[in-house]
Structure formats: C-alpha cells, structure tokens
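Number of protein chains: 2
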Amino acid sequence: MATTVETQERERVRALLGRVRSEGRAALTAPEGKIIADAYGITVPGEGLARDVDEAVALADRLGGSVVLKIVSPDILHKTDAGGVVVGVSGAQEVRAAFCSIVKNAKAYAPDARIEGVQVQQLVPPGTEVIVGAVTDPTFGKVVAFGLGGVLVEVLKDITFRLAPVTADEASSMLDSIGAAEILKGVRGAPAVDRWALAEQIRRVSDLVTDFPEIAEVDLNPVIASPDGAVAADIRILLSTEEVKPRRRYSREEILVSMRRLMEPRSVAVIGASNEQGKIGNSVMRNLIDGGFAGQIHPVNPRADDILGRKAYKSVTDVPGEVDVAVFAIPAKFVASALQEVGRKGIPNAVLIPSGFAETGEQALQDEIVAIGEQYGVRLLGPNIYGYYSTWQDLCATFCTPYDVKGPVALTSQSGGIGMAILGFARSTKTGVSAIVGLGNKSDIDEDDLLTWFGEDPHTECIAMHLEDLKDGRAFVEAARATVPRKPVVVLKAGRTSAGARAAGSHTGALAGDDAVYDDILRQAGVIRAPGLNDMLEYARALPVLPAPKGDNVVIITGAGGSGVLLSDAIVDNGLSLMEIPPDLDTAFKAFIPPFGAAGNPVDITGGEPPSTYEATIRLGMEDPRIHALVLGYWHTIVTPPMVFAELTARVVEEFRARGIEKPVVASLAGDTEVEEACAYLFERGVVAYPYTTERPVAVLGAKYRWARAAGLLGGGR
Amino acid sequence: MATTVETQERERVRALLGRVRSEGRAALTAPEGKIIADAYGITVPGEGLARDVDEAVALADRLGGSVVLKIVSPDILHKTDAGGVVVGVSGAQEVRAAFCSIVKNAKAYAPDARIEGVQVQQLVPPGTEVIVGAVTDPTFGKVVAFGLGGVLVEVLKDITFRLAPVTADEASSMLDSIGAAEILKGVRGAPAVDRWALAEQIRRVSDLVTDFPEIAEVDLNPVIASPDGAVAADIRILLSTEEVKPRRRYSREEILVSMRRLMEPRSVAVIGASNEQGKIGNSVMRNLIDGGFAGQIHPVNPRADDILGRKAYKSVTDVPGEVDVAVFAIPAKFVASALQEVGRKGIPNAVLIPSGFAETGEQALQDEIVAIGEQYGVRLLGPNIYGYYSTWQDLCATFCTPYDVKGPVALTSQSGGIGMAILGFARSTKTGVSAIVGLGNKSDIDEDDLLTWFGEDPHTECIAMHLEDLKDGRAFVEAARATVPRKPVVVLKAGRTSAGARAAGSHTGALAGDDAVYDDILRQAGVIRAPGLNDMLEYARALPVLPAPKGDNVVIITGAGGSGVLLSDAIVDNGLSLMEIPPDLDTAFKAFIPPFGAAGNPVDITGGEPPSTYEATIRLGMEDPRIHALVLGYWHTIVTPPMVFAELTARVVEEFRARGIEKPVVASLAGDTEVEEACAYLFERGVVAYPYTTERPVAVLGAKYRWARAAGLLGGGR
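Order-wise, the sequence lines are chains A and B.
Per the numbering used here, the first sequence runs over residues 4 to 721.
Per the numbering used here, the second sequence runs over residues 4 to 721.
Derived by calculation from the structure, the hints in this document are not laboratory data.
Accuracy of the hints is not assured; some may be wrong.
Each pair may be met inside one copy or between any two copies, as identical chains are not told apart.
Said to hold, decoys possible - Capping the alpha-carbon separation at 30 Å, the derived lysine-lysine pairs in DSS-like fashion look like this:
(1) Lys314 / Lys553
(2) Lys593 / Lys433
(3) Lys409 / Lys490
(4) Lys107 / Lys188
(5) Lys348 / Lys110
(6) Lys409 / Lys593
(7) Lys107 / Lys314
(8) Lys160 / Lys348
(9) Lys160 / Lys188
(10) Lys593 / Lys336
(11) Lys188 / Lys110
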C-alpha cells in the first residue's frame, strides 16, 4: 500500500530506519526525525545540530530571530524533564549561556547519557498547540491521532483517531471530531487556523506509518497551528520491536459459501449425540428435532445404533451424503480426532460447543484444532459456545431451549451468559429473530464472517453483536462498511473501561486507550454502539420496526406537557433535531388544539383532549412532508384511554404506510398499567412504544438516525 | 448576612456603588473594579489610570517591568474586541505608541464612546489562566463560579458553581470540581498553583456579592494562578437593574404543622363532590371511600343532600367540626370564592385539582387564589394537579385510580402525566409507596415543603421528585440538606437541555446555563440526580430495598465471564470502586471455584457450577468485613436454575441480616424468561435484581453510594 511520496524520499527513510535498527535503537533522534519529516513533507521549523557552543551561535545567527535550544541524546526521551530545553533565546551571549546550561542539566539528569549536541531551532510563531500522531493499535493496526496540544490533551484526553491511511477528507474530518473543535475555527475574534495545512500534517504522518509498518509510534507534539500554516515543533518516532504475524484471511466469496452452508444447512451431524437426558448431546438432538429442522439430522455415537429414533453412526465419515455442519457435543480432549474425521468427510463447518480450550488455559489444544481446521478447510464456530439458532431454517443447534419467533434480527454474543440473556429477552418481548450465534473463543469464525453473511441474508434486517474484542479490527471495519449501507449494525463492546494505562513511549500512545480507539473507529465504520446490554437488546428489537427517516426534522406531539419537556431533553441527548415549525404548520397544528395548548415543538395538545385531537395532530405530522419523524407523548386519561390511543395511532400510521408515506414514529406512554398492553399493541404495528420512560423511545429513534446517517440516507455522509 | 470584610471597606464599596447607580450605569469601569478588589482583598496587579500619554509613560515607569495598556470607557465592555488592549509594553517609546493606537482603535470601534483614559497595569507573570466569577441565578440567587480560563472555558464549558457565600473549604473544593482539575496540581513537571490563594479569590468574590446583592455579576477573568499566588488580571462588575422581590417563607415548624394535617388528616371535605359518574368530584369521592380512608369524608355540593351515601353540605362552612383538607373538584372560576369559605372555616390545606390557572395563561386568577390563601393561612397544593395519595392513611384524594401498596417511597411530580407514569410503574412493579403527590402549578406548596415533611415522616425512607423548576432554590437546598443525612432524595430535573443562551454581560453569566448551575448545586445538596424518568422510578423502587454501604469495596461474583466484563464497565461508569482483593481473600475465593476460574475481581466462578459454588462465594462475600457491597452475575444453566439461585441468594443474605451483617447486594440475571420470576423473588427479599441488563443493578448501587457519601456515611463528606 505505497503512498504518494516519491520513491527516492521513501528510500532515504528506509535507509535511515535500517541504520537506526542496526544500532539497536527504537527511538529516533530529533535530527533523524527532521530528515523523515522533510522526506514526507511534514512541516517543521528550520533547525540544525550544534556539536559545540560556537556551532550553536553560528546556527542561531543563520536561522535569525529567536531560537529554541534542545538537548540531543538517544538516551533522553523527555527533554523537558531533563532541563534540556530553553525557549526564546536570541543573540550570541544568550545562545552561549543556554547551550552550557542545557548540557549541564542533561548531564546531571542522566550522567551516562550520550550527548550528541544541542539542536538549534527556529522559534515557531504563536498559535494553537495541537498534537498529531500515529500508533500501532493491537486490534486496528496503524491508527492516526489528532488532539488538542499541551498538557490539556493529557488531562482532558480530547483526541480522535482514524485508521491509517487516511484520505485528505478523513484527515480534515478529524479537526471537527474533538471536543474543542471550535477553537480551531477561531473563538472571540481569534483567527481560524489553516485547516488544510493541519489536515495535511495528519495525512503525511498517516502516509509515513503506512509506508513503514515498522514505525510503531509517531508524535508531532506540539504542532503549532496558525492562520499561516501548521508547524511541528517537535517530532518523535519510535520503531517497533516486535514482528506482526499476518492473520489468515478468507475472501468474501469463500466466507459466503461456507456461511451459507452453516446458516442454511441441508444436513447436520451431531458428534456425541446421546439418548441420555441431561447430556449436551441429548439436548442438541432434542432441540434440532423439536425445533422442526426440515433437513437431515445424523447422530454420531460409537456406542449406539439409534438415538431419539434416528440411525446413529460410529463415525461422521460413515454418514451418507454431503453434510453441511458437524455439531460437537463431546469433551474437549476428543475434539481434535473427531475434527480430523470431519475434515476428511469434507464437512465445511464445525460447531464446537465444548469448553476446555483457551478459556481454561488449554491454548495448545485450541491451537491444535485451529491447525486441523485450516488443514482441511473446515471453518470452526467456537469452541466454548452454546451453539447457534437459524430461525428461518427452524434450526436450533444448541443445548439451550428452542426459539421459534422468526423475524428480522440477527444476534451474536461472545459470551454464553449474554447469549442466554439474548434468548430470555427475545422470548419475553416476542422479538422476531433470524439467528442467534455464540462465538465463544472465536478460534476461527468471528464477527466479520457473520457480518458478511448477515449483510447478504435476506431474512436479516438488523444485526446486533456483543463483543469483548476483535481478532482483526480492519476485517471487521471492512465487513461493517459493506453491510451498514443496507442494514443497521449494533455493537455492544464490553470491556470499555478496563483499558487502563498502556505502556507507551509517546503521548499519542499514552492517550490511545483501547476504548478511545474502538469508539472512534467503530463510529467511522458506521456501527451503532450500544451503551449497555439492555440498550443493545432494545435497539435490536426496535430498529427493524422503524422505517428509515428521510430527513432531520423531528416533531414531538404530546398530551402531557411534562413528558414534552423530558422528551425534548432526550432529543438533545440523542443528537436529534427538534424541527423549527414554520408558521403555516404552526397554524395548522393550532387549529386542532385548545387555545392554551402550545404549538411550536413540542406540540402540546394538553391533557384532557379526546382521541380526535391525538388523531388530527398525528395525521398532520404524518401528512406534512417537512416532518420526518414523530415522537408521541401519551397521557392516560378517561377521555382517551390507552388502547384507544394505541388503536388510533396504529391505524393512522398504517393508513399512511398504505399510501407509501413511511416515517419513524416512537411513543412514550405515561399512565396506569394499561399502557403496557397499549405499548405491545403499538410495537406489533410498527410504532416503537414504551411505558414509564421518556428516554428509551427517543434513544431508539436516535440509534435509527445514527444508522441512517452512517448509511448515507440523510446526506452529509458518515 | 455580613461577611468578614471591615465595615470601613464595605462602606467605601457601598458609596462607590451608589455613585455608579446614580449615574445610571450598570457596568463598573476597571478603576472602579480595582477599588472594590482592594476593599475585598481580591489580588489584582498594580495599576493606574492614565488620562494622557505622558501620564501613561510615568505610570509605566513607576510600576516597572512590562505593562499592559487597556482602554477605559464605560461604553466599551469587550475591550479586546475593540482593539483596546496591548500586552507586554516596556519603555517610554512603546508605551507612547500603544497608548495612541488603543485610543484610535476604540474611537473607530465605538465613535460615541466616552473614553476616560487608558489603564496601565503591571504585566502578570505567566501561570495558568482561570476564571473566577459570580452570577445571580434566577433559581438559586448568588452563585460563585470557577473554571478554566481563556477561550477554553467558553468552548469546553469546564466550570463549576456553588451557592454564595462559600466557606474556605467549599471554595477549595471547587478547584477539584472541574474536568481539568489535574492541571492545577501540576502536570508533567509543572509546579502546582497556590491553591489557597486561588480559593481565597473565590471566597472574596463570594463575600462581595453576599454583602451587595445589587451586584448581578462579577468576572475575574483571567485570574493568573501560579505557585506564587493568584492575580486577577481583569475584573468586571455588573450591577443589577431589577429589584428582587422577597418570597414568602414559612418556618420549619409552620410547614410541619400544616403538612402533617395534609398528609395525616382526620377529616377531608370534597368541594364539588358529585353523584354523577365521569365527574372529577365523583371520582375523588369514590377513591376516598374505596381507598378505605378511616377519617371523615364530607361532600360539599349546594345541589345535593347526599353523595355516595354521605350527607352533603351546601358550603364547607356548614361542615361540622375541624376539617384538615379541602379537596377542590370545581371549575377554576369558582375556586376563589370557595377558597374564601375554606379560609373562614379555618381549614389549613386546599388541594386544588382544577386546571385553568397560570398554565392556561390565567395568571391573574392564580394570583387571586394565592392572595386568598395567604390572607387566611390556607396552604395550597396545586392548582392543576391529579391530587395526592397518602398510602398509610388509605387516602386517595385524586381522580386517578386508587393505589394501596403501602411502602417506604414518597414520590412527587410537577406534571400530571409523570404522576400517571409513577402510578403505573409503581403498580406494575409492586413498589411500596408512602405518598404520591402532584404539585402542578406550585402556586404555594412546593418541593421544599414536601421534603421537610417526608424527612420527618417515619413511613418514608426514600423521596423521589420530578421537577421542572424550583420556585426557591435556596429553600430546596436547605430542606434537602436537612433530609439527606436521614434518607435519600432522588430528583429528576426536567428541562435539562433547554437552557440555551441567557442574555449575559459577563463570561460567567454566559456560562451559567440553568442546568450547569442546577447540576452542581443539587449535587452539593446531596441529592441523587436521576438521568431520566425510568431511572428515577427504578431508584425510588430499589434504594429503600438496599441497606447503606459501610465502605467503598465492591466485589463482583459472576457465573458468566461475559457479565463480569459488562458489570465491571458499569462499576466504573457509576463511580464505584472494584475492590483490590488482598491475597488471603483471593486464596479463600479460589478454594471454591474451578482452577480455570478467575479469582481477583470479578470473581469468575465459571458457567457450569452447581448452587454450592454460588452459595459458598456469596457467603464469603457477606462474611468478610473488608467487602462492603456485592454485585452478582448469574448465568442460567441446568445445573443452577434461576429460582435455585434466587432462593439460595435470598437465604444467605437473610441469614447474615439476622446476624446483623447487612451489605447492599445487587444482581444481574442472564437467562431465559424464568429469570424474571427469580428477580421478583430476590427484590422482595432485599436483593435488587434485574433480568437482561448488567447496567441497571450497578446504576442503583451507584445511586445508593452517592447518597451514602452525601449523607456522610462513608467519610469524605459531600
């Protein structure tokens, strides 16, 4: 993946890095950094190395104006801490004094340090201090960073990340992604910085680490951004000390072929099938049979002729005809030899329910089965999983209880416990499901394989994934980017806050906590990140119910003023836009509501109104093409009981749908317990409704909007 | 409330402010600001006013070193915008040039401005720029502010507020309450600022606005904080243009006397009682009777002799004996005259259900009834409310449905819709309630009256309030501070995000968005702020179930590793501390769990464990006195089904409770739908348990901890 940098320049850098490595160093000196900066067009101040005090004076004279003096030593990384920096020196006398004091301080700080001299550098004109950097993330590889400079970046951690390489547009978007973005645009009369120059610094750092994967970290810190440009006042480059092992990748076509046979099998073998109740091999057989799977089910058990009325085979190799999936229900120690047989039989998928592999410290056993899988081309799901459901195939290849509510949501979980929560929640809320898949140890098949499949699967309209890590962040981002334009992808990333400090030699490295990088990069991949388990489950349940919004204008129609205020809070919390109601529309709403009701937005129809007021205002909200989404606040009264509200709302929404007018409609129902039934009624009819909460319906609408934006449906792109 | 400032100094300021007002000015000039700063011991740089260029040169010479020149004009507030500031001038020539340029710029900027001269000021040594200020908040009155200085405070809004006057300790706590607090402590080798000097600047501003309520806003911006002190480089003072009308206040004793008769009445009159179904006066009568109220119920209706079998009176004045509460179920226009009669009868409480007052624009009608109430000493609840429930009295004085689950939670709502959501939620979750009270327009009785009562009410162990505004923020804070040490107060403040920009003449004013002030001051009052309606309801339901924690050490015990990770995330999100398990305790846990399970924290007992493993580890968690709270993660398996887990957990917790060992225990249950029944079972037995969520149990525990800290139970105070 070569960048646009001239071959000659690139080779100059290659030679330099070779020399540094041959000396056994990981950190480059400032003059070496300058050579690389020049090669990659990273703007730095004029400077030179002074080996003695006379050279320093001469250099300062040649550069002109004020200069900065900095110690140059391969053994001193934090120059300021060492008293090795003096800023704003001019004239021979001052340069002389500064040179001597720096060298003296450095020697006191690190008596054994090799001191190569003192760097004399043009003083950068005043401007906004920012940091531009790159790190090597264990999940995502090369990642560029941009943030506010100085001590503030460390304290406030106001920094943003992108996968390298970045385009000029992506680099530019980083300037808007920090909390203090406004500062770059100029605040209180200050001029805006040169955004193009700043973005260019990011892009060039990105090019550098893309061309040279051996560069582990880059820090331009600070970069002084001003209306006249962006100059990196200091550059620090660290080389990696370890080799990265490339991961085995399958092509999209290969993935789709094996995943189709996994998710739409015609023939399933159960290795370790059993007649004995309480055994996993018995539960799996029962679930396959009771679930109503229409394909062939072949029990494999060397000690039985017949299991649950089906002929049993001694070995999977004895099973007649093609088999698509082998479900393993045998102890870990027997898996490897059975997997050899699965490989020899040419079965493309092994579903490894047993635990006792990497998760219990048996990494060698897991490595062994992975090697067997790769040898025979068998894809492995698990080990250490509950199995999987493919609902539209009536396939329950799991030891849990069957699930049969067919629907549009595919759910996956890395953890078995979370898988059980998915099952219970789905059953309790009657969520229609296309698949539930356990990923467990992810020895082979992982989220990107599943995303690739569910992206194509016509039964699946929404994908929700619980994950604790990604084996290959880039493969996931690729799969997500291919899927998101067609269907929403919800991710619950667990372990958000465990990141902690990572040993790092650069500022950027210290700031690249796992979660900060995950958060930015998942967002760029267009994924909807759920803040918690229950949110993931509710998003999964609700997103497919709502049509995609066609614009940003959200209108609240409420019978309870109090709900209106809380719904408005939620609108802002979720990054949605309360529509500014144009005068003609305001007049139209006013015609339906009492004189003391408030038009505007929220449209407050007031509490004592009959069904007709709800209906007329909802109808207007659906009809007017300038309104793109409705948030309803219902207040339980005798005049308009819950089911009356539910029935009229569902009817109006359905009527408009029949006319081809679809808008997302969500509702918050405040009232006595009858509102629960009303919510269920509405949900089943395409209106996402919740009792006793103003937050949740708007959070779901917010998730739908985040997806619509990521999918490019609202303009403005990701 | 006079401060420690010398009388003489205070009088000097009084005289100065008098002069400014007599000139019809609201903004003080810089030299006037300097006089006030000197009187109140606010440290400012040496400076003087130069009326002409020669005076400027002489002044600069006398001050020595570099100086700053600033235009002085009563008509120019934003001096920088006017080109009226030059920094870092030294020597006669530079001073001369700067003086002329400033005056020229100012004349160009505002040709009609009266220019009094140029302020010549010592250049403040470098340091951290912060802002110290004070504003007059419409809800809370005088409030002091502290934040990061420069443009960052405007962009990042990193600022904190306290009620004035502040003590030295409170002022000092503000330094730790901003996001960038670390910067003041010195980052990367920078020295810490002089915290005492900085806190002293805050305290003195607080004294100033306390002594002079006519000062609307004060800005010390920037204050330069360094290891050697804190100097206000600029001071801006604005006077108020409006008089503040003092609010009628009742004493604590007065409040308790009337509230007791409201909440524990022996006799209730219903004005507008009716035999006609569908009428509010009929619903109220039915609910009073059906609710089982044991006191007297007197219907008042001039056109009936008998209502629902009770003798009806033409007027409330005809009712025999003392009456504690008059419930109004008549149209708004008849309220005033009926209230006169209530007053004449000496009834202390009027519950005003009718709408049609301020909320529909009828402010005059509302003012009229408030005046009548004050005249007769009748306290008014409402108008525009659903009424109220006092469950332990079997009192349902409302037109809604009765509610009879007696318990420890008092709930109030400003909005009727939210009141109905409270009712439905409580019924659906079987939440035990001591009272539900509608506040509506809050023409008289408001949150501080109710807090004062519920604080004393022995039936009430937790108070949850929905509010959109506070009539008197200081009275509320006072009541909250008196109540919180005894019982938790949960507040849902609606309208968080509607604050928007307030017209303000100072930086502090511009930053004091309603919600920022509410948030800081409610926290200082020890109130638990619920992020949303459903959170408020869940906190109200769950907080009384949990005992107070006695220390910070939280331990997670989980059967599902995946839940453990999510529960850990939630621990950090909620500001709780995962205990660092000491080696002996680690060994003790390890004895119970499989070798591949993880001790540490979370204690991961792994998925396939029998009930005995859950029981042994939970028992150890309860037993060890170093552990203060338990978070349980249950994973549904055949080996330990949901109800088995629920039974053993409830039994162990109960057993320790009987031994006098009480710790908060919360649980997240991941599993099929049977976990719902298990959660209900646990909840009823003192373990706060939820299905399909890892976030909620920890959020509740976090709320309990926030309260315990505010109540001083964990040391460290508020």
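Hints versus structure:
1. Lys314 / Lys553: neither (56 Å within a copy, 62 Å between copies)
2. Lys593 / Lys433: For Lys593 and Lys433, the Cα distance exceeds 30 Å both inside one copy (39 Å) and across copies (40 Å).
3. Lys409 / Lys490: Close inside one copy (18 Å), not across copies (48 Å); limit 30 Å.
4. Lys107 / Lys188: Only across copies: Lys107 and Lys188 sit 28 Å apart there, 42 Å inside one copy, limit 30 Å.
5. Lys348 / Lys110: Classified as neither: same-chain Cα gap 70 Å, cross-chain 93 Å, threshold 30 Å.
6. Lys409 / Lys593: The answer is neither: 44 Å in one copy and 43 Å across copies each exceed 30 Å.
7. Lys107 / Lys314: neither (87 Å within a copy, 102 Å between copies)
8. Lys160 / Lys348: neither (54 Å within a copy, 66 Å between copies)
9. Lys160 / Lys188: both (20 Å within a copy, 17 Å between copies)
10. Lys593 / Lys336: between (74 Å within a copy, 25 Å between copies)
11. Lys188 / Lys110: The answer is between: 28 Å across copies meets 30 Å, while 43 Å in one copy does not.
When held up to the earlier numbered hints, the structure conflicts with 1, 2, 5, 6, 7 and 8 and fits the remainder.
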